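Protein chains in written order, with our numbering: chain V, 1 to 489; chain W, 490 to 706; chain Z, 707 to 1365; chain Y, 1366 to 1668.
Don't read these hints as lab results, they were simulated from the structure. A hint or two may mislead.
To give a feel for the contact side, a few chain W residues facing chain Z, derived at Cβ under 10 Å [claimed, not checked]: (1) G553; (2) F579; (3) A595; (4) L626; (5) F627; (6) S631; (7) Q638; (8) R702; (9) D703.
Values in this document were obtained by computation on a predicted structure and should not be read as measured data. Just so you know, even glycine gets a beta-carbon here, dropped at the ideal spot from N, CA and C.
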Amino acid sequence: MIAALLLIPVLGAVVAYALRSNAHRRAMLVAVAFAHAAVAGGTWASEPSPWWGGWLALDAPGRLFLSVTSALFLAAALYGVAALRRELPGEREDFEEGFLFDNAPEATFTACLLLFLAAMTLVTVSQSFVLLWVGIEATTLASAPLIYFHRHHRSLEAAWKYLLICSVGIALALLGNFFLAVAASGGRGAPVPLVLPDLLRAAGTLDVAWLKAAFLLFLVGYGTKMGLAPLHAWLPDAHSEAPSLVSALLSGALLNCALLGIVRAQQVCAAAGQAAFGQELLVGFGLLSMAVAAVFIAGQADYKRMLAYSSVEHMGILTLGIGLGGGGTFGGMLHAVNHSLTKAALFLVAGNILAEYRSKSTADVRGVLRVLPVSGMLWVAGFLAITGTPPFGSFLSELTILKAALDQGRTGVAVAYLALLGVIFVGMATAVLGMAQGAPRDARGVRGRREPLLSVVPAGALIAVVLLLGVYVPPVVHSVIAEAARALG
Amino acid sequence: MSDGVDAVLICIVLTSFVLVGASRLGTCIRVVALQGVLLGVLTLAAAESVLSLRAPLLALTIVGLKGAAFPWLLSRAVRDADVRREIEPFVGYKVSLLLATLALAASLWLGARLPRPNPAMSALVVPVALFTIQVGLFIIISRKKALTQVLGYLVMENGIYAFGVGAVEGTPMLLELAVLLDLLVAVFVMGITLFHIRREFNHIDTDQLVALRDWVR
Amino acid sequence: MAALLLGIGLLVGGGFAALLARRSVRWTTFLGVGSAIAGCLAGLIPAGRVLLGGAAPSLRMAWDVPYGAFFVQVDALSALFLLPIFGLSALAALYGAEYMAAHGDGRAPATTCFFFNLLVASMALVVVARNAVLFLVAWELMALASFFLVTHEDDDERVRDAGWTYLIATHLGTAWLLALFILLGRGADSLDFDRFGPASGAGLLFLLAVVGFGTKAGFVPFHVWLPEAHPAAPSHVSAVMSGVMITTGLYGLVRTVTFLGPLPVWAGWVLIAVGVTSGALGVLLAIAQHDLKRLLAYSSVENVGIVALGLGLGLVGVQAGSAPLAVLGFGGGLLHVVNHALFKGLLFLGAGAVVRAAGTRDIDALGGLLKRMPRTGLAFLVGAAAISGLPFLNGFVGELLIYMGALGAATSPGSAGTVPALVVIAALALMGGLAVACFTKAFGVIFLGEPRSEHAARARDPGLAMQIPMQILAAACLLVGVCSPVLIGLLAPVLVQVTGLPIDAVQAEVTRMAHTLGWLVACAAGFLGLVALTAGLRRSLLSGRSVTAAVTWDCGYAQPSPRMQYTGSSFAQPLTELFEPLLGTRRRLSPPEGFFPSAAAFASETADPFREHLYRPAFAGIERSLSAFRWLQHGRVQLYVLYIALTLLAVLLWRLGEA
Amino acid sequence: MSAAAAVPALLALALAPLLLGVTSRTKAVMAGRVGRPLLQPYFDVLKLMRKGAVYSRTTTWVFRAGPVVGLASMILAAALVPFGGVPALVAFPGDVLLFVYLLAVGRFFTVVAALDTGSSFEGMGASREVTFAALAEPALLLGLAAVARGTGSLSLSTMLAGATGPVWAESAPVLALVAAALVVVFLAENGRIPVDDPATHLELTMIHEVMVLDHGGPDLAFILYGATLKLWLLGALLVGLAVPIHTGNAWLDVAAATAGMVALAVLLGLVESQMARLRLVHVPNLMVGATVLSVLALLLTVR
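With the rest of the complex left out, here is chain V (with noise of 0.2 Å):
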């Protein structure tokens, strides 16, 4: 089962890049999303069997973030065939700065998507550290030349900037298995080969002082890639400047797998006895995080940047979730899920408003709502699903989060928190709503047509889902998400 949802992508790559026909490649891009998800959707039925001597397995972290991904990936797909059927073949002048690019060949494009599920799948699936790491430096290769598919220098900086920091990030979480490493062949007792269940099992005997160093750089290592406040500046970059589903997946997916790495260590940590040593930072990083989020969003001007941002805010609660322990972990968590899926939405539709505008500065865009209705409608749920208000999903898990740090007396913690989300809520409110109410600016020979039914039943589904989640949270999902989370002590 694994193996297939591994292979399946994989061979869809090698196909895609060997197919000839745009048409055939986009059915089989669609068609590997569907093949995918279903096999992802088999695994809450039957437990999938370890693969590889248990390196390879799914335990409840994995499974939460396979489907998620999985999911997107889908939604992304189906969303992809609109998104590619609007590029026009040949030179296309850029609207910002009027110069003439192509893109990069669709095979390219398809193979490099397919690899990068792939990558993230083998993230989602590795028990063990080392090919954690080896799915996570994939993804990293795997994305970069889809950031680059508009052939053109900002994508081009983007695509470097998001390169370079991230392997430095990579690098440093390497050094991460390094010393982990170490900790595990430490003096006492035998060498621990570096798979989850093994080191948890051996937690007691592994060198406190290697580990803790250890957490520090897979901290720093994967942060970078999640995108935690000061390492995210690759971020907004490559989320402005990637086609909208790319971004869509950046922000959804991959975020979730670098947190995954994170979640790795800090179980580890939490086996040790060392829980309390993680969770410190993560608190500081995660106040930090949205901090930074905020000072960027307020007066944001470009909403492909602001919802990259928004991004960084996100990536912050959860991990102050996380940093929290207890139903704070729980919290965490299902904002994982709430936002991927949301931010996911948001990203779609903000492709549906740049085709439409041909502009991503928020000043130009308006009227949406009577110019693209369907999209518009979408807009402001998403505006309203991603700053935490009712009857989202990700309400319930914001006010889990604060639950965690009130009941743990952190008062400082939760004002923050509450004010932060307060100036988050006023920036994006006042972007978003101004992009989607109003009358239409005729400048840019805007004029409403219908939209194609691909280009918004995707993230009209997640949008779906997330308010789903903010009116029932499925028994099998909470269970799963509270054992991921008691995972994390």
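Chains W, Z and Y: place on chain V using the hints.
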């Protein structure tokens, strides 16, 4: 045995210093190549038993990649993109050397604080590795050209690798493989990106890559 | 309970049905409005039953969200608030059917119907919810629905601004409530209301509630959204928002007080202070407005202030252990909540009729409407008299209770409540006088004299669908005033619940008050008799004598013209000038000059002082201080890697330095 | 209630205009004129009642309702005010509030009637009326509250009955302050100098008189009569407070109170012939001053 390792490690430190002080691109590339070779030697020196096939294989690939392949790739990039041969640092060379010294001190301090990973192995391993990593980071941060950043990244990787080879005893092969994989693809992709950058901007300085930001004077 | 759920179901279902039938305006209206009215009527049943002494039905179902439970209950307090919510909403819906149809801005009223129904349903849910999560969800739904109703005409810049102001204000208000409820349910793994006991730090929680709920209720200085949002919304929505929605804030406050147990002594003082400021500033700002609906919105702030005075007195009474003060204070406050729903709803509906007929909300462009829309005018007059607290109408009764409580406390020597009571008396007296000024202006300038614009001259009474609700509300204002001795009896169970006093103590006070009210009703009868008598006398005197018509005595001016009339601004001028320091009214005067002055102009404008001098600067300041950090995202990749290195160094030194 | 209870109301209805007569006669004497007969106000009212009416085409039924409602509210108020220790026709705890708000009813309708004419003069008068009334109301209510606190009752009848010699003896300053405050209210509410000048009609500085410019015939008669009633009632409050003569005999008390009323009228005449009216901008200060007096009185009782 251990003093052999120490010798290599010290050489690595020296090369790092040279790298920090060097003003010409060509020199840097050559120094990095030299460091690669040194790492190969370290691999051999650190191996418990020379007879095992693992160490020589590893050493060979390391030398092959770090000593030959990447330097060649980079120098070609330099040649094609008629870049000025200077490093153009943000931080002057003297200051850089001073900072490097501080970094060395810091890593010695840190290395002393951390329990010694592998009693059999020289005490210098951890500090040197950390130092090399810091130098790599420093080069990335303090130098202008995209190319120098790739160099810096390589140096950083060298440090990590040194740590791996020196400190981690009986680790699964996987780790070294990971390093190689990382180097391979990372540098490969970076190379491609460099190529694109050159095509786009006709040079490989990064001070052109500042279009994306939220801050305007 | 079944009826209530049925009602809510009808509302929501009807809303969706209206959406589905978007294409045809007739069907939309039929489904939307029909379901709204039906739902409201269904919902009234349990409310009425409980108020008439029935047992409080409750329902608790599991709900699969963290800390959530579907736990609803209709107790006396809920019922008291359900009554106006459903009553006024039903009338407003009926009114809206015609209003929206004629409002025809090309868009089918489907969305309006949907959000209107959603608003009503969520308001009902708010007052019956017994679980914090459920409450908050309903609370935010209420805010969202009303937000979308406010921004119905979102192509207008001002409407959009109003909408954002409202959304942001209400969202920030909710943040305080989140903290409040979580602190109430601290430690517990459930946020059901019945788990909330007397909490430690009750004072802090009380303040959280005052700010959080006060934002919705429109306490000064959290009222800034109110004068923006209410005028922007369609009039029947304004009626509901101003008449009942803001009172859900008061409900929340009272409900919270019932959780908190013994409060610190200053709690009552806080509410009284809030009441005084809200009341006085509210009515003063109302007088200064030119926009009819803004005027009404500010008057809502005033009335909320009056309620706050009552509740504050009640709290003081509870702490001082003085039953009369507690009962009369809370009783007066809660009764005024209902009354306010009646006359404020009526006035907003009337305003809507005027706006539709005359096409403007500018008071100074209206005039002489009583001749042109007599029925609306009569209803509006009743509303104006009621809101001015004139005797024998409902407005007077509520204020009378508060007055009696205050006077009682003031006359009982050595009572703890003396000083607050005197403050309340002074405040109420001032507000009463100012309210008269405010609404003589509103009614007089709009409906009397000569029309000041063509539109006003062509105004006509609206159709039945808009007439009937107004007439019903006017009648209700009269009825509540006349039936007060009976109605006050219904308050008893609510008061027991709120004050925590034994039933017989409450009952005793209520009967004493009913006796006074009985006298009041007798006086009302006498008054009617006297009016009839004098009217008859006048008729008989005039019969057979010459009764002629002429122009208004114009002091010999050659050509009296409507433009010579006293405008609303000039009517309010003495007061605005008197309270200049508080209001900060801006005047622009270009006086007539030369022997043959060509043009002269005078314009005065009173913006909200808090918006101008508190919030605008505050938000600007935050924005500025945030943008001071923008350099972080500097664009140089080297810098970014430096961040990583520094972070690494920091965590290493911090964490390993101590290890 | 006994038949005696009707006495205060009947007296008010019967003698109210007389006060006006006394006042104007006093002013005339002070000015060295003979002056109009004491009963002139009665004559005026009767004369006006016999006249027809002229209505502006602008006006509506509100204009005609104004005087009627105004008079009715005054008459009802008359039933609430005790006189010379004789309790009023209608007395219940809280009637004091009803009394105050009945004045408001009268004001409300007078004002809207004035606005109904669309004349800028009457609008001006109306605007001033509501302004000053709003300022007078706290003074009046707080003053009454002070009395209520002093006498422990919420009904005018018992309050004034309670304001006896002994009470004066113990809390003279309180009652004195209240009385002073009530004097100001008395002057303001009745539109007398120094707040308003009843003698002139067309000054732009007028308040009450200018509001009734357009009324004529019976309407004006009602207004005139209503005004005298108001004068009498507020006067009765003042006298009931300031003349604490309570012999056992009701007739004597009533007589004394009546004498007090006449004295008040004379006093009013003297004041009006001595003082000039204040500039409008200064009137608010007077009102605030009155409020301060009441507050002072209360503070004295609270301490």
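Right, here's what the structure says about each hint:
1. For G553/W, the suggested interface contact is broken, since its CB lies about 28 Å from the closest CB of chain Z, more than 10 Å.
2. With 10 Å as the threshold, the beta carbon of F579/W comes within range of chain Z, its nearest partner Cβ sitting at about 7 Å, so the hint holds.
3. The criterion of a C-beta within 10 Å of any C-beta in chain Z is met by A595/W, whose closest approach is roughly 8 Å, and the hint holds.
4. For L626/W, the interface hint holds, the least distance from its beta-carbon to any beta-carbon of chain Z being 5 Å, beneath 10 Å.
5. Annotation: F627/W was flagged as interfacial toward chain Z, and the flag holds, the nearest CB pair being 8 Å apart, inside 10 Å.
6. Because the smallest distance between the Cβ of S631/W and any Cβ of chain Z comes to about 7 Å, under 10 Å, the interface hint for this residue holds.
7. The interface hint given for Q638/W is met, as the beta carbon of that residue sits about 7 Å from the closest beta carbon of chain Z, less than 10 Å.
8. Interface hint status for R702/W: upheld, as the beta-carbon distance to the closest one in chain Z is roughly 3 Å, under 10 Å.
9. The beta carbon of D703/W comes within 4 Å of a beta carbon in chain Z, closer than 10 Å, and the hint placing it at the interface holds.
Hint 1 alone, counting from the list given before, is not met by this structure.
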